[in-house]
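Engineer: Start from the sequences, fold in the hints, and give me the full structure.
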Amino acid sequence: MTDFPATGRQLPDRLDKPLKSAVLSWESLLVLVALAIFIANSFASPYFLNEWSLSDMTFNFTEKALIALAMALIIITGEIDLSVASIIALASTMMGLALQAGVDTPVLVMVGIGVGLLCGAFNGFLVTGLKLPSIVVTIGTMSLFRGIAYIVLGDQSFKGYPASFSWFGQGYVFWVISFELVLFVVAAVIFYVLLQHTNFGRRVYAIGNNATAARFSGVRVDRIKFVLFCLTGLMSGIAAVLLTARLGSTRPSIAEGFELEAVTMVVLGGVSILGGSGTIIGVVLAALIMGLVTFGLGLLNVPGIVMSIFIGSLLIVVIALPILFRMWRQRRA
Amino acid sequence: MNRLLKTRELWLALGILAVIVLVTLRFPRFSQPGNLLTIFNDTSILMMLALGQMAVILTRSIDLSMASNLALTGMIVAMINAAAPGVPIPLLIAGCVVVGAALGAFNGILVWKLDIPPIVVTLGTLTIFRGLVFVISGGAWVNAAQMSQEFIQLQRGSFLGLPILSWFAVVVAGLVYLLMTRTPQGRAFYAIGVNPTAAVYTGINVGRTKFLAFVLAGAISGLCGYLWISRYVIASVEVAGGYELTIVAACVIGGVSIAGGIGTVAGALLGALFLGVVNNALPVIGVSPFWQMAISGAAILIAVVLNGRSERTKGRIILKKAAAV
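Chains A and B supply the protein sequences, listed in that same order. Going by my numbering, the first sequence opens with residue 2, and the numbers climb by one from there. Going by my numbering, the second sequence opens with residue 198, and the numbers climb by one from there.
Think of the hints as simulated: they come from the structure by calculation, not from any bench. The structure displayed is predicted, hence computed values, not measured ones. Every residue, glycine too, gets a C-beta built ideally from N, C-alpha and C. You can trust all of the hints, since none of them are fake.
What follows is a set of in silico ranges between Cβ atoms, one per label pair, in the way DEER data are often shown: (1) A:P323 with B:S228: 56 to 62 angstroms; (2) B:D312 with A:T213: 21 to 27 angstroms; (3) A:A334 with B:M276: 44 to 50 angstroms; (4) B:V502 with A:L55: 44 to 50 angstroms; (5) B:M276 with A:V190: 47 to 53 angstroms.
Structural biologist: Have a look at this one:
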């Protein structure tokens, strides 16, 4: 992003980052924004700087951020998955059905993750097998998956999840460190290594920069895209387990709007929506920023709908500022 | 190519007919002219919105903020009406179109001048516009008792046997049809969708054309803001929540290609009508309305599979790749 902001289409052999570009990078801008919001929050509310408050804050973003990690990879390849929130709804509904059938916690978790994986594979098949545009496919499956949840549940809800299951969404591993947070950190590290330190990761970037060239270089473009859609489905399944466990119930409207927040995190994190560039660190920072903003505003009794104005403006401003800055510099030169 | 487009719309029209016939076989009253008119009237707003979205999609963009735009202009006009019932309705409608167009222009400026991808811009304004509904209304509703009678009744009147709301759809469809097929601006929407590079060489300003598409979509959203509020006689933050995707769905079902450059007024109208007919048929045949969402999802997928087939036969994919580099 920092080295080639204008086109995003070149792919250097290696990304060497001298100190200057590290300081001027998107990630350091995000760190500054996060710090500023953190400081503003601590001044704005006396309840903010407290280990339990900060722990509560993490629940604001962990589930969405888990999805955003996988979504980042999809967007880097130039595709998009808008069905993630509906996958959560369907996976959660299927867990509810499994619960009615009387299964225990381990099976419940497997059902949730399994349904997520299957949904992701379905998306992946439509996009890579039938060569359809992912934005339309996932708008379709977005209605389809949540629609199935509505068919099953109607205006009802599933309740009565066992306590051992609730632990996934409400439990703490150590002191104020929740299971969700630990899982997110582990997942972030895995995705970081996967994207930035493996051949697979380099291929993901290559596809996003030029899918045709990547194919000629022997990259199995379709297979990698298929795997990424499965991965996003898998992460959505995991998020479904966490969210269902945290809420303790399933309604068909569960996780509504998560897809847009996950995409916002990814784009805010510096991933180009056109594909080819972006880092996991940026996405993690963006998730943190969104958690801080919503939690800080929540402490100030700002309604959720007004928060969405901040999130939306943040998205546009953060994208627009570097562009305005570049235009201003070009005009002076 | 013309024949291909014609057959696609023909198939869609046949699909709609098939649904109507199937339902009529069991419930003869379904296809009475009165009921069909009701369906058309119920779908009018979606048809107009789909036409606005089509203009945007033709230029390889997407506008996810249309439903929020509708909710915001709707709330503004409802609050004006509640505060000053004396303001003539035609003036209010004109105001709606202007406000909607201004909101659309905001999207368009960001796409044109800053070159931010449309999906990012409208994802942002989707939440901003809806948040603003809450800010200006304080979360309160404007209900039927606060609206003036003329405000509510205007679209319920009828002219030549057709409700005024349907006339709005007919007039908008006519205007958009003329724009798309008879003016250089309309052809420019198609041109930059088919091949932006070639469009530049023919003297079309790509950014400005996209901007105008967003203004058109915004103006239609604004108009529909008034129509929606006066039809359902309630203005609240939740108005048309999630409707942005229904609008895109209508376009996709109608054969508008998300890759840009392909789509017709008739197609978009039929796509919207298809969703309208299905939604009206479900309660008649005793299927729970909770099936609606899954059915429209399945319809989108089937439509896009069929569209993908017919587009590929022309080798468009190769052409698109070459232009995109």
